[in-house]
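Chains A and W are the protein sequences, given in the same order. For the first sequence, our numbering gives the first residue as 1087, with consecutive numbering after it. For the second sequence, our numbering gives the first residue as 21, with consecutive numbering after it.
Read the hints as simulated data drawn from the structure, not as lab findings. No residue lacks a Cβ here, since even glycine has one placed at the ideal position from N, Cα and C. One should not assume that every hint holds.
Only pairs whose alpha carbons sit at most 27 Å apart, straight line, appear in this in silico DSS-like list of lysine-lysine [said to hold, decoys possible]: (1) A:Lys1103 with W:Lys28; (2) W:Lys78 with W:Lys28; (3) W:Lys78 with A:Lys1113; (4) W:Lys50 with W:Lys28; (5) A:Lys1162 with W:Lys40; (6) A:Lys1103 with A:Lys1113; (7) W:Lys78 with W:Lys50; (8) W:Lys50 with W:Lys40; (9) A:Lys1162 with A:Lys1113.
Anything over 10 Å on all C-beta distances counts as not near chain A; from chain W, calculated [as the list claims (entries may be wrong)]: (10) Ile23; (11) Thr31; (12) Asp32; (13) Asp61; (14) Val65; (15) Glu68; (16) His71; (17) His73; (18) Ala76; (19) Asn79; (20) Arg88; (21) Tyr89; (22) Gln91.
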Amino acid sequence: MAEASTSGVHEPFDLIKLSLSERVFVKLRGDRELTGVLHAYDGHMNLIMSDVEETIMIVDNLEEQAAAAPTVRVAKRRMEMLFVRGDGVILVRDNNLKIPKIESRIKLDR
Amino acid sequence: MLIFSVFKTLTDQRVTVELKNELSITGTLKSVDQFLNIRLDNISVHDEARHPHMMAVKNCFIRGSVVRYVQIPAGGVDTQLLEDATRREAATQTKR
């Protein structure tokens, strides 16, 4: 990432700092994911986000047929302003829709 | 210290604490400490049928480590102030 070294990103928290007041995607323990606008974070990865949508993955293993081919259901929830405790956070990435996904970037290089 | 300060400004507001065991409690935030332990007054549990343990409880103390989320009123915080404070806190962290 050429842009990262020139813009002074030296450690992971510098990268998160760039995402303040932007939409971020957060992966949490317990098969949960969040998207929301990041307003605050600290060294424990505690987060404060607004306009949050939580997605919970529920795997259906109950029925006998389902155990062979488990189905994944998704439960969503919206919250206006949320504090997230850092010990549940797995990763934080930007949810910037302006940046093209990796697959389309590779096609452009050709 | 940042998040601790934010919670101190939110005392006397109604918040909803979701615990790691899926229990959701709404109450008035009475106090918070450096470990983000929380004291709530006048609580009501969200799914009373599934979590009947707290039916007789009005006020409670929640250990910070068992919290997953705290839902706070949108108007309770100034997002601009939060972002500026976070940048300052991040700067002091890296200086060390």
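Hint check:
{"no.": "1", "hint": "A:Lys1103 with W:Lys28", "result": "holds (23 Å)"}
{"no.": "2", "hint": "W:Lys78 with W:Lys28", "result": "holds (21 Å)"}
{"no.": "3", "hint": "W:Lys78 with A:Lys1113", "result": "violated (34 Å)"}
{"no.": "4", "hint": "W:Lys50 with W:Lys28", "result": "holds (9 Å)"}
{"no.": "5", "hint": "A:Lys1162 with W:Lys40", "result": "holds (17 Å)"}
{"no.": "6", "hint": "A:Lys1103 with A:Lys1113", "result": "holds (17 Å)"}
{"no.": "7", "hint": "W:Lys78 with W:Lys50", "result": "holds (12 Å)"}
{"no.": "8", "hint": "W:Lys50 with W:Lys40", "result": "holds (21 Å)"}
{"no.": "9", "hint": "A:Lys1162 with A:Lys1113", "result": "holds (14 Å)"}
{"no.": "10", "hint": "Ile23", "result": "violated (5 Å)"}
{"no.": "11", "hint": "Thr31", "result": "holds (14 Å)"}
{"no.": "12", "hint": "Asp32", "result": "holds (16 Å)"}
{"no.": "13", "hint": "Asp61", "result": "holds (19 Å)"}
{"no.": "14", "hint": "Val65", "result": "holds (17 Å)"}
{"no.": "15", "hint": "Glu68", "result": "holds (19 Å)"}
{"no.": "16", "hint": "His71", "result": "holds (17 Å)"}
{"no.": "17", "hint": "His73", "result": "holds (21 Å)"}
{"no.": "18", "hint": "Ala76", "result": "holds (27 Å)"}
{"no.": "19", "hint": "Asn79", "result": "holds (21 Å)"}
{"no.": "20", "hint": "Arg88", "result": "violated (6 Å)"}
{"no.": "21", "hint": "Tyr89", "result": "violated (6 Å)"}
{"no.": "22", "hint": "Gln91", "result": "violated (5 Å)"}
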